[in-house]
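**Q** Protein sequences appear in the order of chains A and B. Taking the working numbering, the leading residue of the first sequence gets 46, the next gets one more, and so forth. Taking the working numbering, the leading residue of the second sequence gets 363, the next gets one more, and so forth.
Please note that the accuracy of each hint is not assured.
Unchecked claim - Selected chain B positions facing chain A (Cβ under 7 Å, derived; list incomplete):
#  : residue
1  : E433
2  : T437
3  : S440
4  : Y449
5  : V453
6  : G456
7  : R459
8  : R460
9  : Q467
10 : G484
11 : R486
12 : L487
By construction, these hints were calculated from the structure, which means they are not laboratory data. Since this is a predicted model, take the numbers as computed values, not measurements. Here a beta-carbon is modelled for each residue, glycine too, at the ideal position from N, C-alpha and C.
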Amino acid sequence: MGSDATTWKHKEPAEGGTGADIDAENRGFKNLVGAGASLVPIAFVTLLVWAAVSVTQATSLGWLGGALLESTAVAAIAMLLAIPVGLGAALYVVVFARGTRARLASSTLDLLAVVPSIVWAVFARYVIAPPVANQPLGHSPLWTAGVILGFVVAPTFASSVRDWLVHTPRELEESAVALGGSRWASFRLILLPLVRRGLIGSMGTAFGRALGEAIAVALVYIALGAVPATLGGALSTRHDLGGTSAIAALLFLVSVVVQASARTWARRPPAPSPSADAGRFASGAAAFSVACMLAAVVSFVVLILWLLASSSGGGASSLGPLGASLSLTFGAVLFGGPVGFAAAVYAVEFERERSARVLRMSAELLSSTPPIVVGVFVAVLAQRFGVSSRAAATVALSILLAPSVMRRSARAFSRVSAATREAAVALGASRARTFTHVVFRGSKRYLLGAFLGAAARTLGSTAPLVLLFDLEALPSTTFRAAILADPGVAARHALVLLSATCLLKVASLVAHPSEVA
Amino acid sequence: MSSGYPDSVPPQKMPEKMRTEGLSAWYGALRVLNDVTVPIAQNAVTAIIGPSGAGKSTFIRCLNRMHEIAEDARTEGSVLLEGKNVYDASVDPGTIRRRIGSLVQRPNPFPTMSVRDNVLAGLRLNGLHTSANDAVVERALQQAALWDEVKDKLDSPGSKLARGQQQRLCLARCLALEPDVLLMDEPCSLLDPVATTTLEELIHELKNQYTVVIATHSVQQAARVGDFTAFLYEGELVEYNEANVIFTRPRDRRTEDYITGRFG
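Extracted from the complex, chain B is given alone in its bound form:
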């Protein structure tokens, strides 16, 4: 089916929202990503899989310029968002991070803020004013499938919610900024199975409106939620393709070994 294409350029039915071109990343002298080129399709879920230390988190953090806030961190290559390099000198990192929301492993609602203020935190952090705060809160919480659970306790502290709810609150916090892309770095690895299922179903919904990139060390999760899959190993891209191709007919031996559980 894809025999006519080079390894990292598979057929795509959807337009490309983002793309990394020869992306490399360092912490000091340690190279954690090596020349990674991955397209990210619009309104689809791209799953990044690979064993611990493969560079999944760094890849995700490079996409919204969060990698650079670490001391001694450095990148090379480019990350294109709608064809424009987010690392261009003229680009404001704050704007990029607003357009590319991110969710991390450990749910971290702001502890001094209520549920409502947590949702609005992104707007306030960016100095954005709106007269329709209540509407923003309701819309974001609805999209994060949290509204029904918290609508009566909007003024209670966000940190009092259950862990799975906290994670969806963090998602609502991103959604309030109306981003284009959502990055998720192992968003379920600290959640229980029920909360994981809820979030995975939510990801299915979200891709209708957003472009989603999710890093996960769970091959099953990647198979469940991903439309496209990139397999990273020791900082290099081993294989990228549509999810069903990766999981049924992987081209590289290492990919096959990984997804069948022979290592990692």
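Next comes chain A alone, as it looks inside the complex:
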């Protein structure tokens, strides 16, 4: 791109061949970003093929079916918790809160959404599970696992619902208010039908994530001896990579199918708008949304307090695993970052092309793929081709990071309006120049936030990978053993990981504040 730009600068405008030059330069630009961007769908398709092959090669289908049933049940329980709480919290941020309170609530959701699932799992292992296990009725591991997953999924769901709502046109909400409607009525009759599709998509994504995270939660749960039988059985023999990969593959396939069908279903035209009176539920909805937001804040505070309280006392240092996680994340940013960036450029600049649609679709599906699935996939490849596990983990994290960087960067690019872009093209600029001089410059200050946000999410994803594999040069075995054996050490590890993740997230929020009024 750089060399192209230089050639252009030295061209004589009077040559008369400028049109052809622009075409050539546009082609070069498209090929360059297209090459980087193509890695995203390639990764997704490879993952799909691997999943299909793994599932067909699985030896015991009955066992696999049992594991799938259990995971689905756990994910369904999680969704039962996540959908109302997530909707309520998003409602609070967008509809009922204003000003500082809305911004605070919104940032809390952002922070909660990056709490690594492993941290919730540690919390549940020592805080939620024991009292439940001592109940006279006995306890069902399915329920406990489901509740933990609910904690993981609800904030993610809430923040994606909030993003849909915030990006609806302000003027529509205003005209609804100008017609005398309450904020609740405007939400229900005007905003909700607009984001219906996005909501259903978000639910599909959340369900897909819950399905996949079921494995991560089960991993930590093993020590309780109370994991759903078949799923736990496969995972507790950690070296049975074949069994684990078959489950991961199956869950991945199911989650892709769930999400794809949610999207297709959401594309149908909305039903005629209801004529029920809009005001009746307003106060109830307001109270409910406040309660949900309070629940979110309280669970976050309790989590932190517990981590702080139980992590005191001597023991091994937690900085070893953190260092490993950080260096893995750094590697992922180095490799996955540019790919995600190129993908964002392609998706925004060549928006109307069919290939951009394919790119967007695969990035969306990939970004809701649970870390553990990608991790297992890469571990299988590493084992077969003898790649070092560290390199394998970096590749896994890059695959997770790229779609995340892409989504956030694309949003940053879209801050520059189509009219501004067109103005540059109308002045005779090529697409590459339009991008570097107008779009990139206009969105530069949001890009740092985009990268930091993606890194925060990836850092959170490192933990299950560290847990699952014996990564050479990583103190994973001790880390794993410690988490499962001693609450103090587990809490300390979790606290360090959580602080690092939240710090990154806070940095990204400062660089790129969320757009809640």
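Starting from the structure of chain A, add chain B where the hints point.
**A** Below, chain B without anything else, positioned relative to chain A:
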């Protein structure tokens, strides 16, 4: 003719429907309206003119309490509707907005709704039920001079109409609520000349039933549709009078400069 009156209290043949008293408005620390007192005559068109940034839109938004929905927005003074201050603590802003309909610059029919549902949106937003939906739709569309153009496509999306039709659909959306006052903030500035003429003729009709306040930066438009004219400049009311007085014998030098095109 008006020499015996103070500047802002001209002779009126019509009773007063609304009135602002010492109205000031702020966005944060920025004062955008400063002590504006304007009477608004019933069944007449009051045009608010002034250059960009004079506070026309803010003035309009203060009348139906839409100014306050912006963060950090604040008002002082009062807005009287039939003698009662709309900013009284006992007054529900929703009721005020229902009685004082408003039309904005960019036509914005609700995109997920059909033409019919757009007209009924105001009723639904207010939780009002009626068994005569079809009659309400027809009456509102008739009044907005849109019925003949859309009567065969009531179920198609409102956003599929031409821009001028969309603006009249938004008008019908207000009219369905049977308001007392209609506010219009630059309603024609994004419309083509034909659509502008249609809407201006419509405003002439509407004033028989409604009280209309229109903000416009087009002096010609104010002269065409207005019975009374208020000239705002830098947030202050420079002059208010009957339209023909303002346009033939303005009292203030700044008004004369503005309407003759010397600035703005």
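**Q** Each hint needs a verdict: does it hold in this structure or not?
**A** Quick rundown of the hints versus the structure:
1. Taken as an interface hint, B/E433 checks out: its beta carbon lies about 6 Å from the nearest beta carbon of chain A, inside 7 Å.
2. Taken as an interface hint, B/T437 does not check out: its beta carbon lies about 16 Å from the nearest beta carbon of chain A, beyond 7 Å.
3. The closest approach between the C-beta of B/S440 and any C-beta of chain A is roughly 20 Å, which is over the 7 Å cut-off, so the hint fails.
4. Below 7 Å, beta-carbon pairs count as interface contacts, and B/Y449 has none with chain A, the closest being about 16 Å; its hint is therefore violated.
5. With a cut of 7 Å, the hint placing B/V453 at the interface with chain A is violated, because the nearest CB-to-CB distance is about 12 Å.
6. Taking 7 Å as the C-beta cut-off, the interface hint given for B/G456 holds, the closest approach to chain A being about 4 Å.
7. Residue-level restraint check for B/R459 holds (minimum Cβ-Cβ distance to chain A is 4 Å; threshold 7 Å).
8. Hint on B/R460 holds. Least Cβ distance to chain A is approximately 3 Å, under the 7 Å limit.
9. Because the smallest distance between the Cβ of B/Q467 and any Cβ of chain A comes to about 9 Å, over 7 Å, the interface hint for this residue is violated.
10. A distance limit of 7 Å between C-beta atoms decides the matter here; for B/G484 the minimum to chain A is near 4 Å, and the interface restraint holds.
11. With its C-beta approaching chain A no nearer than about 6 Å, B/R486 sits inside the 7 Å limit, and its interface hint holds.
12. Annotation: B/L487 was flagged as interfacial toward chain A, and the flag holds, the nearest CB pair being 3 Å apart, inside 7 Å.
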